[in-house]
Structure formats: structure tokens, C-alpha cells
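Enquirer: Construct all of the structure, not just a fragment, from the sequences and the given hints.
Below, each chain spelled out in residue letters.
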Amino acid sequence: GAGVSQSPSNKVTEKGKDVELRCDPISGHTALYWYRQRLGQGLEFLIYFQGNSAPDKSGLPSDRFSAERTGESVSTLTIQRTQQEDSAVYLCASSLSQGGSPLHFGNGTRLTVT
Amino acid sequence: DQQVKQNSPSLSVQEGRISILNCDYTNSMFDYFLWYKKYPAEGPTFLISISSIKDKNEDGRFTVFLNKSAKHLSLHIVPSQPGDSAVYFCAASGSNDYKLSFGAGTTVTVRA
Numbered sequence: 002g003a004g005v006s007q008s009p010s011n012k013v014t015e016k017g018k019d020v021e022l023r024c025d026p027i028s029g030h031t032a033l034y035w036y037r038q039r040l041g042q043g044l045e046f047l048i049y050f051q052g053n054s055a056p057d058k059s060g061l062p063s064d065r066f067s068a069e070r071t072g073e074s075v076s077t078l079t080i081q082r083t084q085q086e087d088s089a090v091y092l093c094a095s096s097l098s099q100g101g102s103p104l105h106f107g108n109g110t111r112l113t114v115t
Numbered sequence: 028d029q030q031v032k033q034n035s036p037s038l039s040v041q042e043g044r045i046s047i048l049n050c051d052y053t054n055s056m057f058d059y060f061l062w063y064k065k066y067p068a069e070g071p072t073f074l075i076s077i078s079s080i081k082d083k084n085e086d087g088r089f090t091v092f093l094n095k096s097a098k099h100l101s102l103h104i105v106p107s108q109p110g111d112s113a114v115y116f117c118a119a120s121g122s123n124d125y126k127l128s129f130g131a132g133t134t135v136t137v138r139a
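Order-wise, the sequence lines are chains F and Z. According to the working numbering, the first sequence is numbered sequentially starting from 2. According to the working numbering, the second sequence is numbered sequentially starting from 28.
Simulated from the structure, these hints should not be mistaken for laboratory data. For every residue, glycine included, the Cβ atom is placed at its ideal position computed from N, Cα and C. Any given hint could be a false lead.
As the list claims (entries may be wrong) - As a list, the in silico DSBU-like pairs of lysine-lysine whose alpha-carbon atoms are at most 30 Å apart:
id, chain 1, residue 1, chain 2, residue 2
1, F, Lys58, Z, Lys32
2, Z, Lys95, Z, Lys83
3, Z, Lys81, Z, Lys64
4, F, Lys58, Z, Lys83
Stated by the list, open to error - Now the stretches of chain Z that chain F is said to cover, found in silico as 3 or more residues with beta-carbon under 8 Å:
id, region
5, 71-79
6, 104-111
Expert: This is the structure:
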């Protein structure tokens with residue numbers, strides 16, 4: 002497709018379960034980002050991938066969160082032992098390069114932890 | 028630590044009038060600024076940007092103004108249209124930084 006694709010669009014899970022969120026970036030985009038938006042708040046940076054460089058994980062809120070990216074393609078964000086405070090919209094974005102290139106966002110995955 | 032602040036959570040404007048959205052930032056290293064627009068259940072979409080070497084950038088009905096000394100930028104939409112009703116996010120980064128810092132957003136409602 003032409004845009005960033007995320008799946009699932011919605012996910013409801015029980016507290017304590019693990020979830021995996023998927024992102025397909027725009028083809029050719031070397032940079033990939035994960036952000037999350039909690040209700041009524043702005044976008045919070047989670048993690049950044051650029052090519053084959055080591056990812057910037059500085060935004061991950063706890064060690065329950067991890068992400069992987071294979072080359073310059075699909076990325077998965079995994080949340081282990083989910084908590085209610087993890088409920089948010091998780092947004093993936095890609096861009097051509099770092100610095101100065103607008104991010105192109107997917108529609109997000111709305112995660113609800115009950 | 029909120030480095031980008033949008034102090035007005037909402038704005039209501041009549042169709043045809045001007046919408047003015049404000050954004051303040053605290054990090055003096057920021058030199059690239061963007062506005063994103065977000066509809067419900069969709070991801071944010073890029074609207075307009077400005078680099079610190081400029082104080083104004085215009086694209087159709089959208090104009091962004093930058094006041095570096097005040098660490099303030101604004102987005103003007105004129106004339107406002109019903110389709111402009113959305114959440115607008117201000118974002119900023121440094122030239123050597125890949126991370127965008129976002130504000131909390133301003134919800135714009137354009138009344139017919």
C-alpha cells in the first residue's frame with residue numbers, strides 16, 4: 002500500500018496478557034518510529050529505528066516494552082504483562098531519513114487493557 | 028518534561044473566519060517545526076513546516092509564523108472550512124535530532 006499500515010486497528014486484552022502490535026512502513030523509508038497517545042495527551046515518543054543502526058529505545062516506559070524491526074521493513078512492538086496504564090493509541094510512523102523529513106503516520110492501534 | 032506546549036486545548040471558529048493556533052517551546056536547540064492534523068481514528072497527517080531560518084511559511088490557506096526570540100509559533104488557517112475541524116499538533120526537533128517532540132494538541136471546531 003501507499004501508506005503506513007498498522008495492525009490490529011483495535012485490541013482489547015486482559016491485564017497481564019502480552020500483546021504484539023505490527024507496523025508496515027512506507028517502502029523505501031529508512032526511519033521508523035513508535036509513538037503512543039494516551040487519552041487527552043500528546044504523542045509520546047517510544048522508540049526509533051534507522052536503517053541497521055542500533056535503535057533509540059530511550060522512550061520505552063518500562064522493560065515490559067520491546068520492539069524489533071527487520072531491516073527496513075516490518076516492525077513489531079511487544080508489550081508484556083499489560084497493565085491498565087498501557088491503554089493508549091499506539092502510532093507507528095516512517096520517514097525517508099532522519100531530521101527534517103516529515104513523519105508519515107499509520108492510523109494506529111487502539112489498545113484497551115481491561 | 029513538556030518541551031512543546033499547546034495551551035489551548037480547543038478552539039471554536041465560524042466558517043470563513045481565521046483560526047489561529049498557538050504553540051510554545053522551551054528547547055532553544057529546536058530549529059525545525061511542524062504542524063500535523065489529526066482526524067478521529069486516523070493517524071496525524073503532515074500539514075506544514077518551517078525551519079528556523081524563516082519566520083513565515085505559507086501554503087494555500089495555511090500559514091505558519093515563527094518567533095524564535097519568543098520561542099513561539101502559530102498556525103493561521105484562513106478562511107476556515109468545516110473540513111478543518113480536527114486536532115492540530117505542533118511538533119519540533121533539532122536539526123541533528125530525529126525525534127519529534129509533540130504538543131498535546133488543539134481541537135478545532137469550525138461552525139457552519
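Enquirer: None of the hints should be skipped; say for each whether it holds.
Expert: Now the hints, each set against the structure:
1. F:Lys58 - Z:Lys32: Cα-Cα ~24 Å, so holds.
2. Z:Lys95 - Z:Lys83: Between lysine 95 of chain Z and lysine 83 of chain Z the Cα gap is close to 11 Å, so the pair holds against 30 Å.
3. Z:Lys81 - Z:Lys64: Roughly 22 Å separates the two Cα atoms, so the pair holds.
4. F:Lys58 - Z:Lys83: violated, 34 Å
5. 71-79: Check passed, 5 qualifying residues.
6. 104-111: violated (count 0)
In summary, the structure is inconsistent with hints 4 and 6 from the numbered list given earlier, while agreeing with the others.
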